[in-house]
Amino acid sequence: MDLNYRAITRTLGDILTITGLLMLLPFVVAVVYHEPVCMRVFLSVGIFTTAVGIAVLSAVRESAMEMRMRDGFLMVAISWLLVSAVSAVPFVLTGAIPHYADAFFESCSGYTTTGATILTDIEVMPRSILFWRSFAHWIGGMGILVFTIALLPEMGIGGQNIARAETPGPVFSKISARMSDTARFLYLMYAGYTVAETILLMLGGMNFYEAIVNTFGTVGTGGFSIWNDSIAHYDSLYVESVITVFMLLSGASFNLFFLVVTTGLKAFLQDSEFKLYLLIYGLSTLLITCGMSVGHGADFWASLRISSFQVASLLTTSGFATSNYVMWPTFCQMILLLLFFVGGCSGSTSSGVKVIRVLVLIKALRANVRSKLHPNALTNIRVDNRIIPTETISTITSYLFLYLGVMFLVGSTLTILNGLNMIDGLSTAATCLGNVGPAFGVMGPAANFSGLSVFSKYLLSLTMITGRLELYTIMLLFSRRFWNPYRY
Amino acid sequence: MGFNLRMIARVISILLLITGASMVFPLVTAAYYHETSVYPSIVTAMLISLFLGLCGYIMLDERHRGISRKKSTLKTRDCYLLVFMAWIICSLIGAVPYYLSDQTASFLDAFFESVSGYTTTGATVLVDSLLYKGLLMWKAMTHWLGGMGILVFMIILLPSLGVGGQKLATTEAPGPDLTKLAPRVQDIAKLLYFVYLSLSVLEFLFLVASPQMSPFEALINTMGSISTSGLFLHPSGISYYHSAYIEMVLSIFSLLSATNYVLFISLLKRDWDNLKKNLEIKVYATVLVITTAVVTISLAVSNIYPTFTDCLRHGFFQAVAFITTTGYVLDDYVHWPPICAMVFLFLLIVGGCGSSTAGGLKMVRFIVIFKLVARSFKKNVHPNLVSPIKAGGQIISVRATSAITTFTVLYLFTALGSALIISMDGMGLEVSMTSALSLMSTTGIYLGTVGAYGTFALFSAPIRLFMAFLMIVGRLEMYTVFFLFMPSFWNPDKAGTRL
Chain A
38 MDLNYRAITR TLGDILTITG LLMLLPFVVA VVYHEPVCMR VFLSVGIFTT
88 AVGIAVLSAV RESAMEMRMR DGFLMVAISW LLVSAVSAVP FVLTGAIPHY
138 ADAFFESCSG YTTTGATILT DIEVMPRSIL FWRSFAHWIG GMGILVFTIA
188 LLPEMGIGGQ NIARAETPGP VFSKISARMS DTARFLYLMY AGYTVAETIL
238 LMLGGMNFYE AIVNTFGTVG TGGFSIWNDS IAHYDSLYVE SVITVFMLLS
288 GASFNLFFLV VTTGLKAFLQ DSEFKLYLLI YGLSTLLITC GMSVGHGADF
338 WASLRISSFQ VASLLTTSGF ATSNYVMWPT FCQMILLLLF FVGGCSGSTS
388 SGVKVIRVLV LIKALRANVR SKLHPNALTN IRVDNRIIPT ETISTITSYL
438 FLYLGVMFLV GSTLTILNGL NMIDGLSTAA TCLGNVGPAF GVMGPAANFS
488 GLSVFSKYLL SLTMITGRLE LYTIMLLFSR RFWNPYRY
Chain B
33 MGFNLRMIAR VISILLLITG ASMVFPLVTA AYYHETSVYP SIVTAMLISL
83 FLGLCGYIML DERHRGISRK KSTLKTRDCY LLVFMAWIIC SLIGAVPYYL
133 SDQTASFLDA FFESVSGYTT TGATVLVDSL LYKGLLMWKA MTHWLGGMGI
183 LVFMIILLPS LGVGGQKLAT TEAPGPDLTK LAPRVQDIAK LLYFVYLSLS
233 VLEFLFLVAS PQMSPFEALI NTMGSISTSG LFLHPSGISY YHSAYIEMVL
283 SIFSLLSATN YVLFISLLKR DWDNLKKNLE IKVYATVLVI TTAVVTISLA
333 VSNIYPTFTD CLRHGFFQAV AFITTTGYVL DDYVHWPPIC AMVFLFLLIV
383 GGCGSSTAGG LKMVRFIVIF KLVARSFKKN VHPNLVSPIK AGGQIISVRA
433 TSAITTFTVL YLFTALGSAL IISMDGMGLE VSMTSALSLM STTGIYLGTV
483 GAYGTFALFS APIRLFMAFL MIVGRLEMYT VFFLFMPSFW NPDKAGTRL
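So the sequences go chain by chain: A and B. My numbering numbers the first residue of the first sequence as 38 and each following residue consecutively. My numbering numbers the first residue of the second sequence as 33 and each following residue consecutively.
For the record, the hints were derived by calculation from the structure and aren't laboratory data. A few of these clues could be false.
[Claimed, not checked] Each pair of labels, with its calculated beta carbon distance range:
no., chain 1, residue 1, chain 2, residue 2, range
1, B, V366, A, A88, 38 to 44 Å
2, A, P135, B, Q426, 17 to 23 Å
3, A, R419, B, D305, 41 to 47 Å
4, B, W522, A, F305, 34 to 40 Å
5, B, W522, A, G301, 53 to 59 Å
[Said to hold, decoys possible] Just a few of them, taken from the derived set where beta-carbon distance is under 7 Å, the chain A residues facing chain B:
no., residue
6, S309
7, L313
8, V363
9, T367
10, Q370
11, M371
12, A401
13, L410
14, L454
15, L508
16, Y509
17, R517
18, R518
19, F519
[Claimed, not checked] According to the in silico footprint, chain B covers these stretches of chain A (three or more CB under 8 Å from chain B):
no., stretch
20, 425 to 435
21, 439 to 452
Here a beta-carbon is modelled for each residue, glycine too, at the ideal position from N, C-alpha and C.
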């Protein structure tokens with residue numbers, strides 16, 4: 038059973054072509070803001086990449102073979118690595134980020150919507166460069182290949198398999214008959230959010246450039262900003278509220294919004310994942326606010342303002358910051374740390390473990406405690422009146438253990454290589470795996486990743502992609518069975 | 033359907049009698065060392081315990097009242113309630129000597145010490161170690177009883193009292209089936225007691241052979257290590273002795289005690305097959321070797337100790353202290369490279385083998401989870417694959433597997449939730465998280481900036497009460513305590529079907 042290399046190569050050709058064409062957008066920004074070096078770099082890299090893509094497409098004939106699960110995994114994995122690698126080139130060539138390891142990290146952080154940065158001073162960067170890295174959030178948020186499918190429905194590839202390998206969450210529900218229709222619909226909504234938020238931010242006094250870049254960071258749940266002090270720079274309740282609302286919307290399932298559009302608002306109330314998501318948000322905000330105001334005598338409304346933004350930012354794995362939370366009381370920090378492991382809803386642009394998995398786990402735990410007490414009672418686990426099969430629960434628990442295992446191994450490596458302490462190392466690994474952005478301790482929101490060793494940067498880049506693609510897509514490439522499925 | 037309260041009270045009376053009787057040892061110690069201030073407090077506790085126990089025992093004796101045989105059996109629910117109440121009541125009585133002798137500032141602290149004793153945690157809220165030898169003896173005694181008690185409760189007592197068969201003890205223990213070891217549970221109990229006692233005697237002899245140890249100190253250290261508690265005689269921990277020999281003896285015996293006791297029985301019965309097939313012991317040894325190697329190498333690379341032998345000595349001792357959940361401290365590991373803390377965190381979570389005196393998640397569960405994750409890779413390549421989880425050539429049933437995974441998830445969730453509560457004291461993330469894990473796994477030392485010698489006296493009183501509770505939760509493997517919060521536990525007839 039050979040892999041369908043021909044189809045995979047053709048997809049890579051598509052991806053290269055599109056990436057090249059997308060570089061024309063930062064080119065336009067560079068033209069508008071008179072950045073001659075960036076202008077030349079984006080234009081030439083863009084044209085070159087497109088040319089290579091077209092050359093690949095014309096050299097490799099279409100394959101009659103069907104795409105299988107394994108092909109989907111390999112295709113997605115290579116695509117993400119390739120796009121990140123290519124997109125890092127303009128950073129290096131414009132001299133904005135001299136080292137390729139840093140540029141690759143920044144690029145991966147962009148596409149995976151992590152928002153972790155190696156830049157020590159963001160404000161001195163050319164605007165087209167800042168635009169490019171935030172634009173990566175926007176593309177990566179929905180998925181590079183979903184984007185390709187939406188644009189090129191005639192690729193003739195097994196769209197379902199790809200979407201499954203790329204879309205966050207344990208279940209990918211098809212909401213329309215054809216894969217490309219689904220993808221197009223998702224992008225339509227995504228674009229709708231983007232336009233709405235941009236307009237709202239401009240009403241708050243931002244210019245178009247600022248508004249659109251911040252919007253990319255929000256709807257992609259990425260968290261790249263154009264200021265060193267992130268959103269705190271604006272010091273505006275209005276801006277914070279708009280961003281909070283759109284972060285929360287982007288962290289909720291897009292499929293759910295499709296249902297809301299088709300069946301009305303009661304779809305919200307019937308979705309237990311969404312309800313738990315809001316519950317977690319409300320409870321965490323409340324606890325942190327109380328922790329600050331009651332526990333440490335801070336002003337209640339000021340605490341509420343800070344915590345409601347910060348909780349939304351970390352729960353949806355965006356990673357914007359309005360406050361350096363590593364200075365908060367331990368109790369409040371602990372809540373934020375726990376949020377790292379929740380993440381947004383399935384089928385959203387956010388990453389992390391996902392609310393649906395937490396929901397199923399909680400129900401499984403209750404069922405388990407019950408069945409211990411009443412050994413002969415039959416217990417089914419239901420979510421939204423659908424029975425969850427045992428198989429799915431076992432998949433989810435394995436996922437959780439693998440997630441923790443990877444986090445632990447990456448965290449250990451970081452402590453060895455960079456002398457980080459336990460919490461800093463673990464939370465840095467967690468923040469990259471969950472695509473959040475800032476971590477704890479010395480790697481908090483006020484810090485950046487530039488001080489890490491080169492190997493650590495590549496490791497974390499890979500960790501970000503691994504986390505974004507829900508572990509298996511990347512980790513399977515390291516399993517011998519993947520390459521030789523007949524082995525036992 | 034109410035609880036069989038009569039029977040529960042009767043069993044607790046017996047336990048009180050045992051507790052009272054075991055106070056003879058600290059009493060004799062206090063008398064021998066002329067500790068006049070401790071003497072009355074132990075006598076008081078002993079009298080209370082014996083009096084209550086005797087009253088209960090006589091009043092509830094079924095032979096005098098003609099209670100039918102049927103009514104004298106305990107159902108599953110009764111057992112859970114019994115176990116929980118037994119731990120609380122024994123801990124309360126056990127706290128009396130500490131409190132009356134003014135060793136602790138409040139009864140809460142005394143209760144913490146007592147719970148830490150019975151759960152074999154070895155944590156203390158005292159800034160200095162216990163001053164009086166009589167009380168030290170009492171703490172060591174509670175450790176020793178607790179270490180054995182867990183074997184009794186987990187494997188012996190519940191089934192022998194007629195709980196729904198062996199199910200309770202074995203659903204979560206894959207590997208060698210306990211029922212095959214001996215025809216009757218009472219026989220297994222005898223075998224386990226025999227192993228526990230022989231190990232204790234052996235260790236005592238080894239320790240007494242060292243010139244630094246008086247028989248008293250050897251006895252205390254034996255009871256502290258064989259129960260995997262890690263009791264300190266001196267504020268500076270085991271480093272007080274400056275003896276590699278003592279460290280070695282303590283390490284080896286705590287390692288033995290954290291091994292699955294079923295293996296010792298196989299050994300006694302010369303059942304070599306069972307020994308060879310056992311996967312848990314192999315993984316246990318492998319984990320120990322790897323973690324020791326990592327710690328030793330990192331110590332050597334960062335030049336913490338002058339010679340490689342010293343690094344190995346410290347690395348091995350501290351790794352053993354964490355894997356066996358004793359929680360001994362040889363040197364302040366705060367200044368060690370951070371990778372050591374990561375290794376210790378891992379060991380804090382995993383703990384020793386199943387059916388041993390150690391706490392934590394246990395190796396068996398770790399193995400099953402590891403295999404489950406490995407299988408999930410296969411399943412991604414072959415979505416329709418059917419492949420059972422095997423350990424040591426035995427297939428582990430789906431039911432057992434799912435019991436293990438949910439247990440583990442529950443364990444981690446409980447630890448995180450507890451860490452959140454502990455973090456209200458503002459001691460930092462590392463201290464909050466590791467102290468929660470440490471108490472649940474009954475290790476009793478934590479990581480973080482406070483240092484290896486940081487006691488639990490640093491935490492506020494309400495948090496300490498919670499911590500005492502957490503030790504019991506961890507020791508009883510959570511379920512027993514969690515059931516108490518379930519409405520259907522108290523009223524099973526009204527148990528709903530919806531989850």
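Checked hints:
1. For V366(B) and A88(A), the Cβ-Cβ distance of about 58 Å falls outside the hinted range of 38 to 44 Å, so the restraint is violated.
2. Between P135(A) and Q426(B) the C-beta distance comes to about 58 Å, which lies outside the given range of 17 to 23 Å.
3. Taken as a hint, the range 41 to 47 Å holds for the pair R419(A) and D305(B), whose Cβ atoms sit roughly 45 Å apart.
4. At roughly 36 Å, the beta-carbon separation of W522(B) and F305(A) lies within the given 34 to 40 Å, and the hint holds.
5. Take W522(B) and G301(A): their Cβ atoms lie about 42 Å apart, and the range 53 to 59 Å is violated.
6. Because the beta carbon of S309(A) sits about 12 Å from the nearest beta carbon in chain B, more than 7 Å, this interface hint is broken.
7. With a cut of 7 Å, the hint placing L313(A) at the interface with chain B is violated, because the nearest CB-to-CB distance is about 15 Å.
8. Taken as an interface hint, V363(A) does not check out: its beta carbon lies about 9 Å from the nearest beta carbon of chain B, beyond 7 Å.
9. Residue-level restraint check for T367(A) holds (minimum Cβ-Cβ distance to chain B is 4 Å; threshold 7 Å).
10. With its C-beta approaching chain B no nearer than about 6 Å, Q370(A) sits inside the 7 Å limit, and its interface hint holds.
11. The restraint placing M371(A) at the interface with chain B holds, with a minimum CB-CB distance near 4 Å, inside the 7 Å limit.
12. The beta carbon of A401(A) comes within 6 Å of a beta carbon in chain B, closer than 7 Å, and the hint placing it at the interface holds.
13. The interface hint given for L410(A) holds, since its Cβ lies 6 Å from the closest Cβ of chain B, which is under the 7 Å cut-off.
14. With 7 Å as the threshold, the beta carbon of L454(A) stays out of range of chain B, its nearest partner Cβ sitting at about 10 Å, so the hint is violated.
15. Of the supplied interface hints, the one on L508(A) is violated, with its beta-carbon coming no nearer than about 9 Å to a beta-carbon of chain B, more than 7 Å.
16. Interface hint at Y509(A): satisfied, since its Cβ lies 5 Å from the closest Cβ of chain B, which is below the 7 Å cut-off.
17. Annotation: R517(A) was flagged as interfacial toward chain B, and the flag is violated, the nearest CB pair being 10 Å apart, outside 7 Å.
18. Because the smallest distance between the Cβ of R518(A) and any Cβ of chain B comes to about 5 Å, under 7 Å, the interface hint for this residue holds.
19. Taking 7 Å as the C-beta cut-off, the interface hint given for F519(A) holds, the closest approach to chain B being about 6 Å.
20. Under a criterion of three residues with beta carbons nearer than 8 Å to beta carbons of chain B, the stated coverage of the stretch 425 to 435 of chain A is upheld, 6 such residues being counted.
21. Closer than 8 Å: that is the beta-carbon criterion, and the stretch 439 to 452 of chain A has 7 residues meeting it against chain B, so the requirement of 3 holds.
The structure fails to meet hints 1, 2, 5, 6, 7, 8, 14, 15 and 17 from the earlier list, while all remaining hints are met.
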